[in-house]
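**Q** Here is what each chain is made of, one letter per residue.
4 protein chains.
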Amino acid sequence: MNLLSDTTAPVHPALLAALADANEGYAPSYGADPLTGRLKERLEDIFATEIALVLTTSGTASNALALSILCPPHGMILCHDEAHIHRDERGAPEFFTGGGKLLPLTGEHAKIDPNKLAAALAEWPQDFVHTTPPRALSISNLNESGCAYSTAELQALTGPAREKQLGVHFDGARFANALVSLGETPAALSWQAGCDVLCLGATKNGAIGAEAIVLFGEARDRLGELQARQKRAGHMGPKTRFIAAQMLAWLEHDLWLDLARQANGAAAEIARLLTASGGAKLAHPVDGNEVFVRLDPALERRLKSAGAGFYAWPDGSARFVASWSTREDELAALAAAINR
Amino acid sequence: MNLLSDTTAPVHPALLAALADANEGYAPSYGADPLTGRLKERLEDIFATEIALVLTTSGTASNALALSILCPPHGMILCHDEAHIHRDERGAPEFFTGGGKLLPLTGEHAKIDPNKLAAALAEWPQDFVHTTPPRALSISNLNESGCAYSTAELQALTGPAREKQLGVHFDGARFANALVSLGETPAALSWQAGCDVLCLGATKNGAIGAEAIVLFGEARDRLGELQARQKRAGHMGPKTRFIAAQMLAWLEHDLWLDLARQANGAAAEIARLLTASGGAKLAHPVDGNEVFVRLDPALERRLKSAGAGFYAWPDGSARFVASWSTREDELAALAAAINR
Amino acid sequence: MNLLSDTTAPVHPALLAALADANEGYAPSYGADPLTGRLKERLEDIFATEIALVLTTSGTASNALALSILCPPHGMILCHDEAHIHRDERGAPEFFTGGGKLLPLTGEHAKIDPNKLAAALAEWPQDFVHTTPPRALSISNLNESGCAYSTAELQALTGPAREKQLGVHFDGARFANALVSLGETPAALSWQAGCDVLCLGATKNGAIGAEAIVLFGEARDRLGELQARQKRAGHMGPKTRFIAAQMLAWLEHDLWLDLARQANGAAAEIARLLTASGGAKLAHPVDGNEVFVRLDPALERRLKSAGAGFYAWPDGSARFVASWSTREDELAALAAAINR
Amino acid sequence: MNLLSDTTAPVHPALLAALADANEGYAPSYGADPLTGRLKERLEDIFATEIALVLTTSGTASNALALSILCPPHGMILCHDEAHIHRDERGAPEFFTGGGKLLPLTGEHAKIDPNKLAAALAEWPQDFVHTTPPRALSISNLNESGCAYSTAELQALTGPAREKQLGVHFDGARFANALVSLGETPAALSWQAGCDVLCLGATKNGAIGAEAIVLFGEARDRLGELQARQKRAGHMGPKTRFIAAQMLAWLEHDLWLDLARQANGAAAEIARLLTASGGAKLAHPVDGNEVFVRLDPALERRLKSAGAGFYAWPDGSARFVASWSTREDELAALAAAINR
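Residue numbers (our numbering), protein chains in the order written: chain Y, 1 to 340; chain A, 1 to 340; chain H, 1 to 340; chain R, 1 to 340.
Same shape as in the complex, but just chain Y (with noise of 0.2 Å):
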């Protein structure tokens, strides 16, 4: 039962088969091919609404470089004290940005208290010379207490954010899982809900490496800025097609959605075993593919010698991450670990 991470999973086999179908003569190098243009309008599809688009192989880069553009160096982005970005990117954005601040707000279940943004706002002006101004507000959907926020709830964000004229970022390496949880459409989920830039990851759900970071609204102005940086960072690989054809075929057919809903639907059945036993409780609601349970050390000694693949969590929680390929005999067998 390997329950570590989403990461550690293997790919999903018609990823790789369109690597093959790719691979076909020439293309056109750095994003120009053919494949990466008709990812671009399928996402203008699935959207709802034109974007402009860059490729990337890394959900960090895509972060780092998204938030680039909207925050300068001498400017702060507001993100969750538990955010990737700034746990467990190693100052990326730090780096993108050429030295801008974040600032870690907090609230329940890794999502920001819209009272402690209006506070952040508050407290740090936008025009006085000697304090860094918010430039830029980042939210994860799925966050990383494994929770989705609702619309509602992102609205209560990116509104007063967006009326001081930050840009607003949406970090989706599990974007798809946040999509079929909530019962929401992509647009409903992004540019409706406030958000400038969606970083959207394919990695965690099934792909080698494949993010898209997607600008909406006139953030697509920044399109030749974010390339330049893109270039600059070393990610504007040359062989755009396959990371492409990655993604086309995650989306074909709703693939991406299924994988999603697998991982979600594993992840339920993991808290229903875990707390069933009545040595877990949840740490947080369960909206995705990742579980965080309080663990008793009894349960906690009968999984380790179990061989139960998890992840203790700085809070001192546990954490189990389901993915698309968690298996049937995993589960049973995380059953047997947990009632042995």
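Source of the hints: derived by calculation from the structure; they are not laboratory data.
Any given hint might turn out to be false.
Heads up, the list lumps identical chains together, so a pair's fine if it works in one copy or across two of them.
Unchecked claim - No farther apart than 20 Å at their CA atoms in a straight line, the calculated lysine to any residue pairs in the SDA-like style are these:
1) Lys116 to Thr106
2) Lys164 to Gly224
3) Lys304 to Ala276
4) Lys164 to Glu225
5) Lys304 to Tyr26
6) Lys116 to Arg87
7) Lys116 to Gly316
8) Lys304 to Pro28
9) Lys116 to Leu103
10) Lys116 to Asp81
11) Lys164 to Pro314
12) Lys116 to Pro104
Starting from the known structure of chain Y, arrange chains A, H and R on it as the hints suggest.
**A** For chains A, H and R alone, coordinates are given in the frame of chain Y:
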């Protein structure tokens, strides 16, 4: 006849097959997978020495990361005026070093003239607080004019640089092409020639995107810092097993050398066809898979009307690049176009 | 009654006179002048240890330069949430470190709570490649709420930090005020309390613009790098003799301590007047030259209509700052305004 | 005879006196003081146009700040190979721009050759994502070989640069020397000659440390960003009144021009003495206060044994710098040493 670049070529089937083989079950992320471990051992055999290893998917990133551990923000990198790091990476070394300075040196056929190196080392002292001190030397082999530095030529540069405590970086995006052209061993063309950090590229020679940053000797002590910078730059993709798999397949049974030999052979034939026609003169020796010629206008027109793909180089020459996948029928078509 | 800030105060005449004295004939530039040499000796006497020394004209620059030799771009600086480096320097530490991260810690009266420090050190490990490791601790003494850390309080913070190999920076913009308040020696409040680099400021205490970055112990080995960064940041002004002259005059016959004592005394009187009126409550202990009070609306109106200059602090309190030049008649006018 | 540099000279007494005059009572910090306001008006008179103004104490800082609002991190600054910003500022422009690239151009007597500029603009396109686009042109006047660009020479450079939307920076560390040498108005040698941002230096011409960054025309819109960067770089010292006071005194009754005239006259006399001896040949025309000569070994020995202070320039010439304070007796001593 697509002779625009070796990055427009398809991927070698053996590398795609290796991806599928690597896609079995779970694997630790971020370089802790068994394939990456095996690759390190394989490279230590090939280079006949102990190494430290970092994998990325981008040559620009590899170069910039390598330089960032050799040159501080207040230091200088010496390179040829035609160097890819200076001309074609949108300031990536400046970004990754935190504002280091590149000093472009001249020399025939994109080879740094040892006298120019000596002059620069004399002009820019190591210990004068007002001026930027040289801290790294970067050499491309195969270089940007398609020429190979011999081991003696390399030592004539790395010797004086090392005497002044400069770190030495080799850009080996086409290292295999240089190897087979010179008939040298990997060790002879790297650490034995004074190299601290080699960026060994497979992307231009059959891979989707696979680049190894190879640290030799004392440079291995900088692995920790290199990994911190790799992570921070978004170049520590989670699923390293798929980069390692490509590179292992590429090295297997000397495939990398065979592919390079094939590309070099095709380039030699292109050079022969062009010059034999009387309508083209070589601008540089053809040591690898790139051919630079000065074209007569008449021949240029004939080639263009036949749909030949090549690149107008900034210096007025025309660049033809062969790859492992350049086919006999393409060469025949080129011959036909030349002689029409 | 201008009690807005100690930077609005005039310069002490002895320091102006010293400028004229220093203006005799030619003097070597960039710190090689005899006055700078004499200042270094004087400071070594005062701090009772060997030091390395860099002079600037700006406290923000001194702090950021000092931090840039303690914390790499991929490292983290721990400081209080109210710290000047976090709140009032527009991201200077992030700029000078090349993108380092500041982690704001809490604690009463702008003093870092040792438990919060311990928690941060536990939460952010030293050697996990994905997270930003703490590399420096920054403490302001006198701090931003006008409070002084005792030597025991300092050691409770610097001890655990040094155990984890963090570099320790003291922001001493009001170091003299802390010294006279605590009755400690300069050595006791700096290197003996675990400080590697002290930014000793004269600007808020009588100078035009004179700040010393003082390196203790092993930190002295970083002088070369500090000078490189100082030059590169445009903070190695040519005519250092005029900074050294100011600081020598400031230290002469303990003038710096006299001026600090005067300012602290005026602040104590301001605090007494305000609280005695019943219309103000101290928000923080008054250990130096700053008074933070919560004002009754009636008293606030009276003060404002009398033209008293003070600053509305973001936390809702009112800040009154005394300087060496706060005059008896200003205190009398304040008393009159309070009691009108 | 100290002819090493104009930064070793003493400060003009009128400027010291102005400090004392400015030292009356309280004054707002950070540029809000009345003297800074008055200085802005005075400069608008002198330059016959509306300006925006920022003051610093350092020429290196002024140049780097100015360039940082003209050139993005992914852009390039064109300058002469001898430019102070390239040769003598330890990478300050690279630091302040966040990793911009300097492209050194050649040309006689440290003047950029317009053909070299044209070639660079052709070679480095504005809109190719892989290469660094020129975004700013930097011209020193008086330049690093002591030569003055005429208005026609300036326009031959700024015209083509502005056509390509480059911002134009003038390094005016010795602007006054160029002014009196050419007999032009300040307007003619700045905005009328295509300058967007002038760094006007008083430090080499009588001040302790006083530099004005003067924004013309549309560049004035970037004042907000410039101030943010000034603050963040630690160059917004609190007590701006003392910089403004120096500069006002310097401009009063054309003192700045008188001092420059005096320095230029002394340099002309030094050049006459050296060349008349037959032992020295001018390396460059003497347009300002700097003399570059190639010295016969015999004369060089005589000068050294007489204790003459001058600087061995990297190109093999000897640099003699006169300042406002070069005295008759020093010139007489030089003559004696030459003719001994």
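**Q** Evaluate each hint against the coordinates.
**A** Consistency of the hints with the structure:
When the C-alpha separation of Lys116 and Thr106 is checked against a cutoff of 20 Å, the pair qualifies both within a copy, at 7 Å, and between copies, at 16 Å. In this assembly of identical chains, Lys164 and Gly224 lie within 20 Å of each other by CA distance solely across copies; the values are 17 Å between and 25 Å within a copy. In this assembly of identical chains, the alpha carbons of Lys304 and Ala276 lie at most 20 Å apart only when taken from the same copy (18 Å versus 65 Å across copies). When the C-alpha separation of Lys164 and Glu225 is checked against a cutoff of 20 Å, the pair qualifies only between copies, where the shortest distance is 18 Å, while the shortest distance within a copy is 23 Å.
Taking the closest pair of Cα atoms, Lys304 and Tyr26 come within 20 Å of each other only across two copies (18 Å); inside a single copy the shortest separation is 50 Å, beyond that limit. For the homomeric pair Lys116 and Arg87, the shortest alpha-carbon distances inside one copy (19 Å) and between copies (17 Å) are both at most 20 Å. In the homo-oligomer, the alpha carbons of Lys116 and Gly316 lie at most 20 Å apart only across protomers (17 Å), although the nearest pairing inside one protomer, at 24 Å, exceeds that limit. For the identical chains of this complex, Lys304 and Pro28 are inter-copy neighbours only, at 18 Å across copies versus 50 Å inside a copy, given an alpha-carbon limit of 20 Å.
When the C-alpha separation of Lys116 and Leu103 is checked against a cutoff of 20 Å, the pair qualifies both within a copy, at 11 Å, and between copies, at 17 Å. When the C-alpha separation of Lys116 and Asp81 is checked against a cutoff of 20 Å, the pair qualifies both within a copy, at 11 Å, and between copies, at 15 Å. Taking the closest pair of Cα atoms, Lys164 and Pro314 come within 20 Å of each other only across two copies (19 Å); inside a single copy the shortest separation is 34 Å, beyond that limit. For the identical chains of this complex, Lys116 and Pro104 are neighbours both inside a copy (10 Å) and across copies (15 Å), given an alpha-carbon limit of 20 Å.
When each numbered hint is compared with the structure, no violation occurs for any of them.
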